[in-house]
Amino acid sequence: MKIRKNEIQQYLFLLPVVIIILIIFAYPYVRTFIYSFYDISFGGTESNYIGFKNFSYLLSNSFFWESLGKSLYWTLGNLIIQLVVPLMLAILLNANMRGIHLARSLVMLPWIAPTVAVAVCMRWMFLPKIGIINEIFSSIGLMSKQIHFLGNSSTAMPVLILLNSWKFLPFGTLLILAALQAIPTSVFEAAEVDGATGFQKFQYVTFPLLGSMIWFVGFLAFAWNFNTFDFIWLTTQGGPGNTTQTLPVLIYRTAFKTFRLGEASAISVFIAIFLIILGFFYFSYITPKEK
Amino acid sequence: MVIIAVIFLIIWPFLYIFVSSFKPLKEIMSRASFFPVNSTMKNYQTLLFARTPVRDFPRFLLNSFYVSVITALFTLVISSLSGYGIARNRRLRSGLVSKFLLFIYVFPTVVLLVPIYKLFTNLRLYDNMLGLVIIYTALVSPFCTWLLVSFFENIPKELEESAGIDGAGTFTTFTRIVIPLAAPGLVTAGAYSFITAWGEYMFALILISSNLKKTGPLGLATFTAEQYIEWGPLLAGSILIMLPVFILFMPVSGYFIKGFTAGAVKE
Chain A
1 MKIRKNEIQQ YLFLLPVVII ILIIFAYPYV RTFIYSFYDI SFGGTESNYI
51 GFKNFSYLLS NSFFWESLGK SLYWTLGNLI IQLVVPLMLA ILLNANMRGI
101 HLARSLVMLP WIAPTVAVAV CMRWMFLPKI GIINEIFSSI GLMSKQIHFL
151 GNSSTAMPVL ILLNSWKFLP FGTLLILAAL QAIPTSVFEA AEVDGATGFQ
201 KFQYVTFPLL GSMIWFVGFL AFAWNFNTFD FIWLTTQGGP GNTTQTLPVL
251 IYRTAFKTFR LGEASAISVF IAIFLIILGF FYFSYITPKE K
Chain B
1 MVIIAVIFLI IWPFLYIFVS SFKPLKEIMS RASFFPVNST MKNYQTLLFA
51 RTPVRDFPRF LLNSFYVSVI TALFTLVISS LSGYGIARNR RLRSGLVSKF
101 LLFIYVFPTV VLLVPIYKLF TNLRLYDNML GLVIIYTALV SPFCTWLLVS
151 FFENIPKELE ESAGIDGAGT FTTFTRIVIP LAAPGLVTAG AYSFITAWGE
201 YMFALILISS NLKKTGPLGL ATFTAEQYIE WGPLLAGSIL IMLPVFILFM
251 PVSGYFIKGF TAGAVKE
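In order, the protein sequences belong to chains A and B.
According to the numbering used here, the first sequence holds residues 1 to 291 in order.
According to the numbering used here, the second sequence holds residues 1 to 267 in order.
Treat the hints as calculated values from the structure; they're not laboratory data.
Hints may contain errors.
To be verified - Covered stretches of chain B (chain A as the covering partner; in silico rule of three or more C-beta atoms under 8 Å from a C-beta of chain A):
#1 16 to 28
#2 79 to 87
#3 141 to 152
#4 190 to 200
#5 232 to 239
#6 244 to 255
As the list claims (entries may be wrong) - Estimated spans, in silico, between C-beta atoms of each pair:
#7 B:Ser210 to A:Gly239: 22 to 32 Å
#8 B:Ala50 to A:Ser154: 50 to 60 Å
#9 B:Phe65 to A:Met88: 36 to 46 Å
Note that beta-carbon positions come from the ideal geometry of N, C-alpha and C, so glycine has one too.
Using the sequences and the accompanying hints, generate a full structural model.
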């Protein structure tokens, strides 16, 4: 195969992005794997090779498994809401009317709003006695007493999942909406000629054609939610107790609060392997099937 | 009608926070009405003018601005080059590269916490705003590349070919013909980089320690860790962090939605 001069230049265009990816992603990635076999304390001047001890320590302790459980609960809860609600929103926003572009832009706002600001304001809004959420619920008679939503071990996780999903709704909505718009109208017209009702059109035409996009959104949402750190840290710091301590929160705590960098790296390795396997399945089984 | 109701349901918290940031402390700390009864600018005044070295919010915002602008500039240079390279090379476009960029986008950044902390400490980029710029550029460049590929693809190849016939090299064609035509894409990618860098919290948390170098999000978060939380200035601060993002986003939202989804539909 003869490579033309032009083509070499085209590869050169990619050089900067490749270099920055190597330094910021690839190299640290490899380091994480190496660190996970060492006992490193903060400051990191002394480090001893300890083999698989970090891993065996994690696997034999319940806090790691609890944290993994929280992570799965968190991820799946978010995933379901972030697939179902955007699907409905996208169908709603697929209408052709005046001001629809403004509507689409406004729906995006929770997604682009800085997490810190959202987290701070939500903490205030969900407080007992002074927060508006308690006020709303008690005024419509849903609650008889005040609930400290984020400070109560039974409500903290579900409430956080709802809040985080609210923030990420726009993302799925946007992608599903794009897929909807890519469906030619002739398909719907044909279905109408055949006498399909509104819901039948959705069930037999829209939904199957959205398949690959729903998988795509699901894959992205799973990966992102599994890695959420800032939103949880800024609202509950993993609390109350350990009720919202997902694996990313555990990594941060282990590394920067208890200063066990080797152990934190071992948890990171676990997350990385888990998501690589997931990505492998997505790219090798789900994407090709659609083509 | 349904649409308006649903939109209101989704974005009412922003309206509520905005109007509440003008409430006096008494109304913020009690169940007052939705709108302020005695509106006041005091929350903003406290935040902006009662500056101490530890709580210097204007400085935090300025730091964020500096970091975000430089990040956007770096990202534009890097990702317009790579985006063009991919768009004009069929082997790259259809091949693993664009999938790889997507993979980077879902990459678990929390895995990077420990090694980046150690690497940046060794490189003297710890507690250094340039360190943040570098990491943010790395975080957004893959996605911006992906975004720009779809913009570059829409530029007719004939334009470039005729420039080539006139004796322009690949690089001249790129700077003189392609870049001006892809302006909407560049604005979108720039806005995306700015917005991401402006709101990022996790890496700022582990890489910045001195008060002078804190970014807006980091500064706001430290206020909530104080023993007595002053909600009034916090709400005002949240609004000041959100507003630039919204103002920057609304004009480019159309392009943004188009560019963002054009790549995704093809995948």
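Evaluated hints:
1. For a cut-off of 8 Å, the count of residues in the segment 16 to 28 of chain B with a CB near a CB of chain A stands at 3, and the three-residue condition holds.
2. Counting residues of the segment 79 to 87 of chain B whose C-beta sits closer than 8 Å to any C-beta of chain A gives 6, which meets the bar of three, so the coverage hint holds.
3. Against chain A, the segment 141 to 152 of chain B contributes 3 residues with a C-beta closer than 8 Å to a partner C-beta. That satisfies the three-residue criterion, and the hint holds.
4. By the rule of at least three residues with a Cβ nearer than 8 Å to a Cβ of chain A, the coverage given for the segment 190 to 200 of chain B holds, with 3 such residues.
5. Counting residues of the segment 232 to 239 of chain B whose CB lies closer than 8 Å to any CB of chain A gives 5, so the stated coverage by that chain holds, three being the minimum.
6. Check result for the segment 244 to 255 of chain B against chain A: holds, 6 residues qualifying (beta carbon to beta carbon below 8 Å, three or more required).
7. Between serine 210 (chain B) and glycine 239 (chain A) the beta carbon distance is about 28 Å. The supplied range of 22 to 32 Å therefore holds.
8. Range check, alanine 50 (chain B) to serine 154 (chain A): Cβ separation about 39 Å, and the 50 to 60 Å hint is violated.
9. Judged by the Cβ atoms, the range 36 to 46 Å given for phenylalanine 65 (chain B) and methionine 88 (chain A) holds: they are separated by roughly 38 Å.
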